[in-house]
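> Listed in order, the protein sequences are those of chains A and B.
Heads up: the first sequence begins at 1 in the numbering used here, then just goes up one per residue.
Heads up: the second sequence begins at 1 in the numbering used here, then just goes up one per residue.
Fair warning: there could be bad hints in the mix.
[To be verified] Here are the in silico distance ranges between beta carbons for each label pair:
(1) B:K119 / A:T35: 55 to 63 angstroms
(2) B:T132 / A:S167: 49 to 57 angstroms
(3) B:Q91 / A:L123: 24 to 32 angstroms
(4) A:P31 / B:T111: 34 to 42 angstroms
Simulated from the structure, these hints should not be mistaken for lab results.
Computed from a predicted structure; not experimentally measured.
Quick reminder that beta carbons are idealized off the backbone N, C-alpha and C, glycines included.
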Amino acid sequence: MSSSTNLIALKSILYKETHRFMRIWVQTLVPPAITISLYFVIFGSLIGSRIGEMGGFDYMAFIVPGLIMMSVITNSYSNVASSFFSAKWQRNVEEMLVAPVPNWVIVAGYVGGGMARGLLVGLIVTFIALFFTDIQVHNPWVIAITVALTSATFSLGGLINAVFAKSFDDISIIPTFVLTPLTYLGGVFYSISLLPEFWQGVSQLNPVVYMVNAFRYGFLGISDVSLTVAFSVLGFFIVSMWAVAMYLINKGIGLRS
Amino acid sequence: MQPALEIVDLQKVYKGGFHALKGINLTVNQGDFFALLGPNGAGKSTTIGVITSLVNKTSGRVNVYGCDIDTELEAAKSHIGLVPQEFNFNQFETLTRILVNQAGYYGVDRTLALQRAEKYLRQLELWDKRDTPARMLSGGMKRRLMIARALMHEPKMLILDEPTAGVDIELRRSMWEFLQELNQQGITIILTTHYLEEAEMLCRNIGIIDGGVIVENTSMKALLATLDVETFVLDITPTEKTLALNGFVSRLIDDHTLEVDVKKSQGLNPVFAALTEQNIQVLSMRNKSNRLEELFVRLVNGTNSADANNTSTTNTDNSKETN
Numbered sequence: 001m002s003s004s005t006n007l008i009a010l011k012s013i014l015y016k017e018t019h020r021f022m023r024i025w026v027q028t029l030v031p032p033a034i035t036i037s038l039y040f041v042i043f044g045s046l047i048g049s050r051i052g053e054m055g056g057f058d059y060m061a062f063i064v065p066g067l068i069m070m071s072v073i074t075n076s077y078s079n080v081a082s083s084f085f086s087a088k089w090q091r092n093v094e095e096m097l098v099a100p101v102p103n104w105v106i107v108a109g110y111v112g113g114g115m116a117r118g119l120l121v122g123l124i125v126t127f128i129a130l131f132f133t134d135i136q137v138h139n140p141w142v143i144a145i146t147v148a149l150t151s152a153t154f155s156l157g158g159l160i161n162a163v164f165a166k167s168f169d170d171i172s173i174i175p176t177f178v179l180t181p182l183t184y185l186g187g188v189f190y191s192i193s194l195l196p197e198f199w200q201g202v203s204q205l206n207p208v209v210y211m212v213n214a215f216r217y218g219f220l221g222i223s224d225v226s227l228t229v230a231f232s233v234l235g236f237f238i239v240s241m242w243a244v245a246m247y248l249i250n251k252g253i254g255l256r257s
Numbered sequence: 001m002q003p004a005l006e007i008v009d010l011q012k013v014y015k016g017g018f019h020a021l022k023g024i025n026l027t028v029n030q031g032d033f034f035a036l037l038g039p040n041g042a043g044k045s046t047t048i049g050v051i052t053s054l055v056n057k058t059s060g061r062v063n064v065y066g067c068d069i070d071t072e073l074e075a076a077k078s079h080i081g082l083v084p085q086e087f088n089f090n091q092f093e094t095l096t097r098i099l100v101n102q103a104g105y106y107g108v109d110r111t112l113a114l115q116r117a118e119k120y121l122r123q124l125e126l127w128d129k130r131d132t133p134a135r136m137l138s139g140g141m142k143r144r145l146m147i148a149r150a151l152m153h154e155p156k157m158l159i160l161d162e163p164t165a166g167v168d169i170e171l172r173r174s175m176w177e178f179l180q181e182l183n184q185q186g187i188t189i190i191l192t193t194h195y196l197e198e199a200e201m202l203c204r205n206i207g208i209i210d211g212g213v214i215v216e217n218t219s220m221k222a223l224l225a226t227l228d229v230e231t232f233v234l235d236i237t238p239t240e241k242t243l244a245l246n247g248f249v250s251r252l253i254d255d256h257t258l259e260v261d262v263k264k265s266q267g268l269n270p271v272f273a274a275l276t277e278q279n280i281q282v283l284s285m286r287n288k289s290n291r292l293e294e295l296f297v298r299l300v301n302g303t304n305s306a307d308a309n310n311t312s313t314t315n316t317d318n319s320k321e322t323n
C-alpha cells in the first residue's frame, strides 16, 4: 500500500480506538478521576499535611506528578490490553488481518489509541489536581516527552499482554501483580533517597522510577535519577517493546493459526 | 487471462500434527461463480483461511489475480473480500462505523466510504439500521452486514464461507439474487455452502474437497451429467398391495408414497405405465434429494448411494421394498 493509504488505515484504527474509549467514558474516564481525587484528598490533604515537605516541596505538590504518571501508565496499558484482546475475542481483529494493512500500522494504531486515552486521563487528573494545589512547570518539553514516551511504552506493554492473553483474566494479571507494585514502588509517593541504600539499589531496577522522576523534574525541577539515564531507559524500553510487539504480530502469534 | 485464484500443492499441518490440507490444487477463473464444497472438517475453511492470510500455510503456492501471497501479500489481499462463517465484527459498533472502518483499512477515504456504506446498506436493506449497534441485528441482518463489509473496498473476488447459514428461505433467495448481480458485474465469487441446492442454482464450476484433497473439480454441468440414477418420490393413490415395477428399484414408504430409482437410460414412462396397469394413480412427483446432493454424497463417501445395479432388498421399520 502507498503511504497515503497507510495513513488512511492508521487514521481508521486511531478513530476506532478513540471512539471506543470515548463511547464507554463512564468505564474509562470517570474511574481514574475518582480514584485520583481520593488519592489527593487522603494522601495529599489529610496525611500529606502531617508529612510536611519532601524534596523541598510540600507533599501534595511532590506527589502530583507521580499520580498523573500513575494514571497515564495504568490507562495506556489497560486501554490497549482490553481493546486488542476484545478484538481477538470477538474476532474482529480479522477485519484488519485480511486487509492490506501493514503490521506496523496496526501496532501504531493501537499504541496511538492507548496514548490518546492515557494522555486524556493525564489531563483530567492534572485538572483535578489544580483544585488541591498549585502546579508549577519547570520544563514543559521534559514533561511532554516523558509522558508521551511512557504512555507509548505501556501501550506497547498492553498490546504484548493482549497478544498472549487467552481469557479476560489474563489481561488483569499483569496490571494487578506487576504494574501496580512497580508503580507504587516507583517513587510516586516518596523520594527513593529516603530508602536504605540496599532498597535504593533495588529501586533502580524499576523502570517506573525513571519515568516518574523525569516527569517530576519537568514540573518541580527535582529528580532522584539523572535525566540522561531516565531518557535512555525510556528509549531502551520503547525500542525493545516495539520490536517485541512487531515480532509477535508478524508471526501472527495468538492471531493466525 | 490470468486466473482469479490459483492454488498449487497447498499443504497445511496444524500444531499437534493434524494434516488439514494434503496438496490442494485449484484454479478459479476470473468472473466465475465457484462452489467449494465438502463435509465438515474437509478443509474448506482452512483453504479460505490460507487464501485470506488468516491461516499460515505449511507449503504450496497461492496466487490471487497474479499476486503471490508470499511475495505480494498486500496486493493479493486488496483483491479479496471475505464473508466469514462466524460473525466477526465488533458487536458494539454501529453498522455505519463498522463499514467505514473496514473501508479505511483498505485505504478508502472517509467521504467515499460513507457513500459506499449508504449504497450497500440500501442494497442489502439495512439502511434503516445504519445507526444501530450490530449486536441488535437479527441473524439474517448480520449475514448481510458481513456481505456489505466485504464489498466496501470493491474487491475483484468475493469469498463467502456459508453466507446463508441459518437464514430463512425468503432472505436466502434475495441474497442469491444479490450475489448473482455482483457476479454479472464481473466479481469472481467463491462460495462454500451446505445448501447444495444453492450451489447447484448459483455456481458454474465446482470443487469438492474431502479429507484435505480435491476429489472433484469440474463444471457444474459436467458433474451433474455424471449422475446416472435419480430417486423420485411419487405420491400415489393409497394401496396396500405389493407393487411390481420390473427393472426398477422401488420402495413403498407408506400406503401412498413410493420411491423409485430411475436410470437415465430408463426414463419415467415405464414407471407410469406399470402403475397405471395396476390401477395406481400418480398424484404428484418430486426428486428425493437435490441432484448435486446425490453426487456429493457419492463423491465424499466414495460409494454410489443409488446404484441401480444393486437390486437387493432391504426392509426397515418404516419401509417396504419391492422389486
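> Would you mind marking each hint as holding or not holding in the structure?
These are the hints, each one checked on the structure:
{"no.": "1", "hint": "B:K119 / A:T35: 55 to 63 angstroms", "in the structure": "violated (46 angstroms)"}
{"no.": "2", "hint": "B:T132 / A:S167: 49 to 57 angstroms", "in the structure": "violated (29 angstroms)"}
{"no.": "3", "hint": "B:Q91 / A:L123: 24 to 32 angstroms", "in the structure": "holds (30 angstroms)"}
{"no.": "4", "hint": "A:P31 / B:T111: 34 to 42 angstroms", "in the structure": "holds (37 angstroms)"}
When each numbered hint is compared with the structure, violations occur for hints 1, 2.
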